[in-house]
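Listed here are the chains, written in short residue letters.
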Amino acid sequence: MIIDAHVHPIYFDTICGDDSVLKFRSEQFGIYKQSPYSYEEIIAEMNFGKIDRSILLPLDLTTQSGGSIVTNEEIKKIIDRHPDSFIGFASVDPYRKDALEVLENAFANLKLSGLKLNPSKQQFYPDDKLLWPIYEKCREYDKPIMFHAGLSWEPNALAKYANPIHYEQAAVEFPELRMCLAHFAWPWVREMMMLMIKYPNVYTDTSMLYMDSFNDFMERIFMKEMDPLTLERNFAKQVMFGSNTPRFRAFKLKKAIENLPFSEKVKANIFGGNALAFLGEGK
Amino acid sequence: MNKLVSISCMSEQAVQMINITEEVHRIVAESGITNGLVAVITAHTTTGITINEPLECVETDILQRLEKLVPDDDKYIHAHFLPSYGATSNNSPGHLKSMLLGNSCMFPIQESRMVCGSAQHIYLVECDGPQTRKVYIQMMGE
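Chains C and G, in that order, are what the protein sequence lines are.
Mapping to this note's numbering: the first sequence position 47 is 47, numbers consecutive.
This note's numbering runs 1000 ahead of the 1-based position in the second sequence.
Honestly, the hints are just simulated from the structure, not real lab data.
Because the structure is a prediction, the values reported are computed rather than measured.
Hints may contain errors.
Claimed, not checked - Cross-link-like lysine-lysine pairs, in silico, DSBU-like; alpha carbons within 30 angstroms at most:
id, chain 1, residue 1, chain 2, residue 2
1, C, K97, C, K33
2, C, K33, G, K1134
3, C, K255, G, K1075
What the hints assert, rightly or not - Selected chain G positions facing chain C (in silico; Cβ < 10 angstroms):
id, residue
4, M1010
5, A1014
6, H1080
7, L1082
8, T1088
9, N1090
10, G1141
Glycine included, every Cβ here is placed at the ideal spot set by N, Cα and C.
Isolated chain C, as found in the complex (with noise of 0.2 angstroms):
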């Protein structure tokens, strides 16, 4: 089984009716000529990826912003339409007053898989106290998080609000909280292996390349940036195949950590296991 742990669909066609929703979207998630298509379209480039399933991730900005990049209801509309092909999130603004119904309703009723924050755009620190009854709830679900991390290019979304110590609290104070910290935390690799190093319930993924082409990146990170064992030997159970699609192709980045020399046993965990671990499944 074959997981690509971060997936927008913001351009999935089954959501994409509305001109204005669509415009509100691209301008949020700061992603330019870029058209809707279609799911056999999706399916198709999943296939050539040889990527059974992908995690859809929603982003809640009532209050930043006005609306929602995807809503959870729409990742409901796609999962119930194509359960074998994706994997739900839900999303909650957490300085939505009614933030703790919505994410009791995504958890309880639309039976989605996880939450997804994204403290940059969301605008709020992850060791902020206004956080704890979110986490709280997740735990009482056993739903894991994925938060953003790292550089966002969103507009209008802080770094600062996103660098790995600050998610060091509520890794300390939540242990059974499965969380992800996307994107390896980029720049902040070696924060992000910091945090990994001393807590299991912390992951990652692969869904980073801001510079230079996929094969250079995936070989500075994780052959230069680290040692070629460092991942093997520390991180074989928190690191995530992940692509950020649509910023970045899934089957490019794919092959590029392919083509790492990690064990078969390693690569398996990456593109798969982890995900399953992190999800929740086989406990």
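Starting from the known structure of chain C, arrange chain G on it as the hints suggest.
Relative to the frame of chain C, chain G by itself:
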């Protein structure tokens, strides 16, 4: 008289030859144009339009030669994040293969039929797939 029709093709591979000859024949036959010219033009910068013989061995040689001329793993300056897209395309090989192939072809129309040799087939060549692509069929004549 001019008539423009567009067709959509979905590729399933990164680089793939898609034979669109029959579709162009049908569009020309239904156009109402008796004598003139038809141009087949891709709407993209990472696809090509080329004419060749529809033999599997020929198609294989074309694809292998393209890969040899423009290897995927070479060093390209276009391999970087594009702020104007908010995305990284890393698709220089697609642009360069497209440049080698050209973006269009033309055939005469005579007695409501596209005139071409029996070995001449029209290919849309995907160079950065899988994707859905658009091809224009522009017919001019009387």
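Evaluation of the provided hints:
1. K97/C x K33/C: Violated - the C-alpha atoms of K33/C and K97/C are around 35 angstroms apart, more than 30 angstroms.
2. K33/C x K1134/G: It holds: about 15 angstroms lies between the C-alpha atoms, which stays within 30 angstroms.
3. K255/C x K1075/G: With a Cα-Cα distance of about 16 angstroms, the restraint between K255/C and K1075/G holds, given a limit of 30 angstroms.
4. M1010: 6 angstroms, holds
5. A1014: 7 angstroms, holds
6. H1080: Constraint on H1080/G satisfied, holds at 6 angstroms.
7. L1082: 9 angstroms, holds
8. T1088: 5 angstroms, holds
9. N1090: 5 angstroms, holds
10. G1141: 33 angstroms, violated
Hints 1, 10 from the earlier list are contradicted by this structure; the remaining hints agree with it.
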